[in-house]
Structure formats: structure tokens, C-alpha cells
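**Q** Residue numbers (this note's numbering), protein chains in the order written: chain A, 2 to 112; chain B, 911 to 1023.
These are computed hints drawn from the structure, not numbers from a lab. A hint or two may mislead.
Here's a subset of chain B near chain A, in silico, CB distances under 7 Å, partners left out [unchecked claim]:
hint: 1; residue: G913
hint: 2; residue: P918
hint: 3; residue: F920
hint: 4; residue: V922
hint: 5; residue: Q927
hint: 6; residue: G952
hint: 7; residue: L955
hint: 8; residue: D972
hint: 9; residue: Y974
hint: 10; residue: F1014
All values reported here derive from a predicted model rather than from experimental measurement. No residue lacks a Cβ here, since even glycine has one placed at the ideal position from N, Cα and C.
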Amino acid sequence: RKEVEQDPGPFNVPEGATVAFNCTYSNSASQSFFWYRQDCRKEPKLLMSVYSSGNEDGRFTAQLNRASQYISLLIRDSKLSDSATYLCVVNMGTGRRALTFGSGTRLQVQP
Amino acid sequence: NAGVTQTPKFRVLKTGQSMTLLCAQDMNHEYMYWYRQDPGMGLRLIHYSVGEGTTAKGEVPDGYNVSRLKKQNFLLGLESAAPSQTSVYFCASESPQVNTEAFFGQGTRLTVV
């Protein structure tokens, strides 16, 4: 079993749609959780951190469920510019600080 | 603000050749990482460093060596390149605090023929 699992997609949605991604992680001791965005042939960039209380940044909402060991990302009112790969990232908290990446979920927003 | 800079950005190697990828960061970060990214597999950790003079193996260290002689630089070496090392390599750095952002370089596209 992968340490961080995501549905690879692609998710093809029309502009204005709401889309949600889920991610599961295997290590219950994981400490920090993030969503990164990666555009084609570019480096990953932080989209948002995920806190236990959930957090929202404009059209983006991230939530964490520690009991079920999953995190989610909700994108409302999708824009063409949201087309990218979204990476679920977990700090496994095993005594070394190295981020473990999911393989990414590809989103394609269509006009 | 340069952030994290990787050199070179592109390289083609012949099997058996050696090369060094350089990562430099100007944010005074303690932690630095080398990842490789292959289609459908996400980013996998090769080696990492939690401070100057220290390095450790990650998930896929075989065929690579690293050095962190200076805090701002993290070098990744391929002693004898193999076609299986064809990949996109990303360097990243972050500070030790919890919930901080990791910053990535722009990547190095390496092809081994």
C-alpha cells in the first residue's frame, strides 16, 4: 500500500463546476498535511496547508479527517486556470522531516 | 528573490557518464531534499539533508550520492548514469518549523541514452 494515495484522474469538469479530491495516508503519526499544485512541466507549489479544523482560501477548501486518515480539497466555481495536477503531501512525522507525495490528481477544466 | 535554483535545467548523458546536479537556496533553510518525478509515480525522495554536513538516504537512493558542504548548497551526483535514471529531478528546501512551505527548484530534465 502506498503511503499517500490519490485518485490519478483525470477529472474533466466544466467551468463553474465544483470538484473534490480525496487523499488517504497510511501513517497515523503524520503531523502536517498540504495540497500542492503542479502545472505541466513545472515545479510543485504550495496551494494550502491543511489543518485539523479545516481551512478555506477563496474558492478552495481543505479538510482533514484524522480518524479516517484522509484529507480533501474542494474547488468551487472552477476556472480554466485551475487546470493542473494537485498533489497531496504529508509529513509522515517519523523523526525526519521529509514530505511524502501522492502521485497527484489531474484536473482539466473545460470551457 | 532567487529562492531555490537548480543547475543545469536540461542534460543528456550517455550511459556510464557521470554528472552533478547543483541546488542552491538563499532562504537559510536547514532542510534540503532531492526528488525524482516519473510519469504516474509522483515525487520520490532520493536523499535529504537536515543540516550542513549531514545527509541521509530517502526512498530511492541507489545510483546517487549527495553532499551538503555548505548550508545553501545540496549536490546530487550520478557516478555512472543508467537509462533508468532518466527523469525530472527536483530540489526542495524548507525550514524546520511545522507546517511551513517547501520551496522547489524549477527542475532538471535528465535523459540518459
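**Q** Does the closest beta carbon of chain A sit nearer than 7 Å to the beta carbon of G913(B)?
**A** 10 Å, violated
**Q** Holds or violated: the hint that L955(B) contacts chain A, with Cβ atoms closer than 7 Å.
**A** 5 Å, holds
**Q** Tell me if V922(B) is really an interface residue toward chain A, meaning its C-beta lies closer than 7 Å to one of theirs.
**A** 17 Å, violated
**Q** Does the interface hint hold: is F1014(B) within less than 7 Å of chain A, judged Cβ to Cβ?
**A** Since chain A brings a Cβ to about 4 Å from F1014(B), closer than 7 Å, the hint holds.
**Q** Given a cut of 7 Å on the nearest C-beta pair, is the interface hint for D972(B) held or broken against chain A?
**A** 17 Å, violated
**Q** Close enough to count: is the Cβ of F920(B) nearer than 7 Å to one in chain A?
**A** Hint violated; F920(B) Cβ to chain A Cβ min 11 Å, cut 7 Å.
**Q** Holds or violated: the hint that G952(B) contacts chain A, with Cβ atoms closer than 7 Å.
**A** 4 Å, holds
**Q** Tell me if Q927(B) is really an interface residue toward chain A, meaning its C-beta lies closer than 7 Å to one of theirs.
**A** 24 Å, violated
**Q** May I ask you to test the interface hint for P918(B) with respect to chain A, counting a Cβ-Cβ separation under 7 Å as satisfied?
**A** At about 15 Å, which exceeds the 7 Å cut-off, the nearest Cβ of chain A leaves the hint on P918(B) violated.
**Q** Checking hints one by one. Is Y974(B) an interface residue toward chain A, by the C-beta closer than 7 Å rule?
**A** Nearest chain A Cβ about 15 Å off; hint violated.
The structure is inconsistent with the numbered hints 1, 2, 3, 4, 5, 8, 9, although it conforms to all the rest.
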